[in-house]
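Residue numbers (the UniProt record's numbering), protein chains in the order written: chain X, 1 to 547; chain Z, 1 to 547.
The set of hints was computed from the structure by calculation and includes no laboratory data.
As the structure is a computational prediction, the values presented were derived from the model and not from experiment.
Among the hints, a few may not be true.
Identical chains blur together in the list; that is why a pair holds if it fits in one copy or across any two.
Unchecked claim - BS3-like cross-link-like pairs, simulated, lysine-lysine; straight-line CA separation at most 30 Å:
| no. | residue 1 | residue 2 |
| --- | --- | --- |
| 1 | Lys-502 | Lys-394 |
| 2 | Lys-194 | Lys-208 |
| 3 | Lys-394 | Lys-291 |
| 4 | Lys-502 | Lys-368 |
| 5 | Lys-255 | Lys-315 |
Chain by chain, the residues run as shown.
Protein chains: 2
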Amino acid sequence: MKIALAQINQTIGDFQKNTQKICSYLERARNQDADLVIFPELAVTGYPPKDFLDIPSFIDENLKALNHVVNHVSGISAIVGFVDRNKRRHGKLVHNAAAFIQDRKIISVHHKSLLPTYDVFDECRYFEPAHQISPVKCKDYMLGISICEDMWNDEGFWTRPLYERDPIENLISQGANVLINISSSPFAVGKHDKIRLRLLTHAVMKHKVPFVYVNQVGGNDDLVFDGNSVALNAQGSLIAQAAAFQEDLVVVDIKSPSVQIQPRTYSDIETVHMALIAGLRDYVIKCGFQKVIIGLSGGIDSAVTAALAAESLGKENVIGALMPSQFSSQGSIDDSVALSHNLGITYEVIPIQEIFATCRKTLEVEFKGTSFGIAEENLQARIRGNILMALSNKYGYLVLTTGNKSELAVGYCTLYGDMSGGLALISDVPKTMVYELARYINREKEIIPHNSLTKPPSAELRPNQCDQDSLPPYNVLDGILKAYVEDTRGIDEIIQMGFDEKVVREIIRKVNRNEYKRRQAAPGIKVTSRAFGSGRRMPIAHNFMCS
Amino acid sequence: MKIALAQINQTIGDFQKNTQKICSYLERARNQDADLVIFPELAVTGYPPKDFLDIPSFIDENLKALNHVVNHVSGISAIVGFVDRNKRRHGKLVHNAAAFIQDRKIISVHHKSLLPTYDVFDECRYFEPAHQISPVKCKDYMLGISICEDMWNDEGFWTRPLYERDPIENLISQGANVLINISSSPFAVGKHDKIRLRLLTHAVMKHKVPFVYVNQVGGNDDLVFDGNSVALNAQGSLIAQAAAFQEDLVVVDIKSPSVQIQPRTYSDIETVHMALIAGLRDYVIKCGFQKVIIGLSGGIDSAVTAALAAESLGKENVIGALMPSQFSSQGSIDDSVALSHNLGITYEVIPIQEIFATCRKTLEVEFKGTSFGIAEENLQARIRGNILMALSNKYGYLVLTTGNKSELAVGYCTLYGDMSGGLALISDVPKTMVYELARYINREKEIIPHNSLTKPPSAELRPNQCDQDSLPPYNVLDGILKAYVEDTRGIDEIIQMGFDEKVVREIIRKVNRNEYKRRQAAPGIKVTSRAFGSGRRMPIAHNFMCS
């Protein structure tokens with residue numbers, strides 16, 4: 001049996017375009033003599049549709065779209081993810097579902113059993129779990145169709161499985177002899193190689209049947225789906241793999257003795273780089289923008305952001321804005337100009353001294369008797385934010401903010417200042433990883449000026465300011481942040497890892513106190529196992545100091 | 001048996017203070033000869049603790065705090081909400097639990113069965129549901145202890161219950177002869193009188209046993225818990241009620257033929273007024289602020305916000321900032337001054353013309369050949385935002401934003417401008433309800449100048465601007481918004497309600513397009529059945545136009 005893995009990039013709620021794309025991939029798969037074509041989880045609506053699922057007409061449109069697809073299925077079978085209505089008297093109103101379609105008819109509908117409700121996932125908010133599951137016959141095979149999380153609960157794989165049920169085992173016990181999983185599984189660094197592929201291989205070794213895995217690809221808001229769809233034969237050998245971070249159609253014959261292929265490997269930083277480029281491109285396109293504007297400070301964060309943007313959107317769609325004040329060093333200005341030349345992007349120079357002076361004059365009475373401090377520092381960042389937004393409003397540019405995860409964690413950033421913008425591209429990238437990205441971007445030639453990589457980081461909001469006046473060295477900071485934010489360790493545990501108690505307490509205090517800033521932050525592209533935003537939901541008003 | 005309803009206001013994660021308060025209410029209940037004292041859901045941690053529940057040391061501290069409480073329970077029994085560990089091999093790591101305590105010992109632990117996962121609630125994210133429940137003996141009674149949502153699933157009350165199980169019925173079938181429910185049930189207008197009290201009465205009429213309901217009180221971020229704890233005797237008569245929106249301890253004897261009391265009634269607008277005052281006070285206190293600053297425009301929104309703040313925090317803790325531009329009418333300035341006098345608050349006048357002129361001069365080259373438009377309008381709003389934030393940074397004021405729900409819905413507000421601030425006090429109050437609030441505030445004397453109530457609303461960002469140039473009349477707008485946002489109706493349904501199709505499509509388009517602004521909005525106080533924020537989670541990048 002020839003199976004086509006249709007790894008597509010959908011837009012939430014764009015039923016017309018989504019349906020067209022499904023039909024066009026259906027056609028391509030048929031042209032390649034596939035017997036069965038498989039689309040990702042919720043291919044009809046795009047994933048995650050979030051609270052659109054509460055709007056009855058959204059469900060209606062999705063069913064109409066599915067119906068349209070059904071009418072195109074002939075000469076091939078298809079598995080298509082959609083939102084099904086729950087016909088029972090109780091429970092959530094809809095199911096996360098897969099339709100198995102043949103000859104213009106839905107042969108069977110398969111509901112998702114395990115509903116992830118942690119990190120960025122909210123599926124119990126919307127979906128009723130499957131009340132029963134069963135395989136379905138297709139040619140000489142019994143297909144065991146599952147949806148994403150359904151394959152993530154193997155008792156032998158995890159030390160403590162989250163759910164009691166294992167839908168894969170259930171399908172096998174009912175005679176499934178090919179496993180199929182349709183997913184919308186977002187990227188996090190290391191997830192594909194270190195978990196997903198191992199999990200699939202584990203399932204095949206255990207159940208001795210082929211496994212076909214089809215994942216969504218592309219960015220939707222903060223999530224980037226990496227694709228990486230694969231097929232494994234019954235011996236656990238990789239026999240097909242679709243592209244990483246782009247649409248693809250791969251056809252594989254699971255019957256003929258397929259030739260084993262080598263898993264494609266990327267370094268972690270390569271995958272982060274691809275994720276950011278794909279996530280940015282889709283955010284810009286799906287929100288209807290074309291060009292982005294970035295404030296260039298001469299520092300590493302804005303340089304990396306601009307380099308990623310130029311690669312993602314084309315240099316002609318990136319505008320740099322240099323907004324020097326009296327505290328900006330000539331070096332910073334030179335570095336930004338050099339960067340712009342290296343990238344081939346347009347840049348504008350808009351000095352802020354005059355506005356800053358006028359603001360201070362206007363506030364003279366109110367600020368009388370006080371000395372230069374945080375208020376004056378933030379004022380500069382906010383003037384810059386206003387200038388970027390003015391250019392955005394005037395010319396329709398999307399403003400990219402340039403803050404990294406380490407800064408956002410401890411609140412080393414200005415609300416309505418450098419935090420102003422539509423997308424915080426690297427806000428899930430820790431500072432130490434920003435440096436790695438910079439070195440990766442410079443792997444063939446100097447794009448990011450060497451000086452931006454080597455000089456001590458500074459916000460340049462007062463004379464001779466340096467990040468390390470307020471923060472521990474970034475390798476220490478990032479170590480503590482990973483332990484607390486990503487791995488949810490307590491203070492005692494982190495100290496036992498070898499960090500200084502006073503530093504640990506101070507950093508955790510800062511993380512806990514600065515939730516109010518993050519609540520108003522632009523969305524960022526998730527690349528780590530736990531990003532701020534929908535993946536980490538904290539109260540603002542609280543008084544917890546973890547021990 | 002004398003039961004004490006301990007309706008307390010906790011701070012998330014402040015284990016020391018929370019424990020002290022529980023012990024002090026325990027003491028007071030004992031002094032009033034209560035046999036049993038009942039505390040709200042998650043009384044130990046405060047509700048909702050959100051992702052602090054993922055941090056193991058948070059759970060440890062909560063267990064230590066419970067232990068501390070247990071050691072104080074003698075001469076009285078107590079029911080205390082806390083987070084219990086899940087000892088099973090599968091599932092979420094913790095339970096939402098109630099401890100029944102006697103003689104310094106935990107006699108039984110009761111887990112929550114039904115975990116709300118909709119609107120603002122995320123309980124499936126954290127909690128494992130109860131695997132079994134049973135009543136517990138206390139004096140001559142069998143207590144049927146349930147937690148919040150557990151009592152919200154009566155088959156006879158709802159046309160379509162959400163869950164299959166009814167824990168109340170289960171407890172009754174096992175011999176419970178007093179029902180006890182501990183809750184953290186947030187306020188929404190009409191919820192207490194029109195749903196909660198009816199639901200309790202319905203349960204009593206069905207099961208013929210007394211029902212004691214203890215709710216949390218006070219504000220935690222966007223949620224305000226209204227208290228309104230009550231006891232009903234076996235005949236369904238109200239025999240005790242605690243205060244609305246403040247802490248209270250009420251002792252009631254469920255054995256003696258208690259005298260029936262009248263349910264306290266408030267008008268809807270009175271309850272909204274109380275909720276906003278309580279929510280603001282707790283946000284300010286629990287975040288460690290004392291004073292707030294508010295930009296006064298002369299319009300109704302800022303006037304209502306300032307009046308609420310003065311009542312909530314005391315006039316000495318409210319600062320008004322008048323920031324006129326060349327487009328501000330003298331009337332608006334006069335109205336803001338009159339308001340400040342009426343409220344007795346300090347106000348400062350900080351004209352923005354000079355900064356605005358300097359900004360335009362700085363942007364002269366970039367803006368060359370363009371005409372005055374949105375960029376220039378927003379620039380003014382953002383200059384004002386910067387001034388408020390500068391004063392906040394300098395003097396530690398919390399900035400209150402003044403936008404209402406109708407504006408936020410359609411994006412008639414400026415990101416990093418009038419949206420800048422720590423709390424958006426009335427951002428869940430529709431404009432028509434803002435007028436109601438103003439009339440209520442003026443019920444005894446003119447506090448909000450009559451002129452602010454009667455003049456056509458204007459942002460005053462260009463000459464002769466008026467809200468109704470861009471928006472339909474507010475009664476029409478609010479009708480459409482309620483149907484779409486609160487009641488999740490589709491376009492067809494809304495048109496059938498009698499609204500003009502073109503207007504409906506335009507409004508819904510605006511709501512869908514402006515999610516990016518709301519994503520970066522300050523938290524507001526929820527007063528309607530569905531607020532923006534954690535109660536409505538929408539994608540930013542999408543292309544859905546509901547039909």
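Results of checking the hints against the structure:
In this homomeric assembly, Lys-502 and Lys-394 come within 30 Å of each other (Cα to Cα) only across copies, at 27 Å, whereas the closest approach inside a single copy is 48 Å. Taking CA atoms no more than 30 Å apart as the test, Lys-194 paired with Lys-208 passes inside one copy only; the shortest distance there is 21 Å, against 58 Å between copies. Only within a single protomer do Lys-394 and Lys-291 lie at most 30 Å apart by alpha-carbon distance; the minimum there is 12 Å, versus 36 Å between protomers. Taking identical chains as interchangeable, the C-alpha atoms of Lys-502 and Lys-368 are never at most 30 Å apart, the minima being 36 Å within one chain and 54 Å between chains.
Proximity of Lys-255 to Lys-315 under the C-alpha cut-off of 30 Å is found in neither arrangement, the shortest distances being 47 Å within a copy and 79 Å between copies.
Checked against the numbered hints given earlier, the structure breaks hints 4, 5 and satisfies all the rest.
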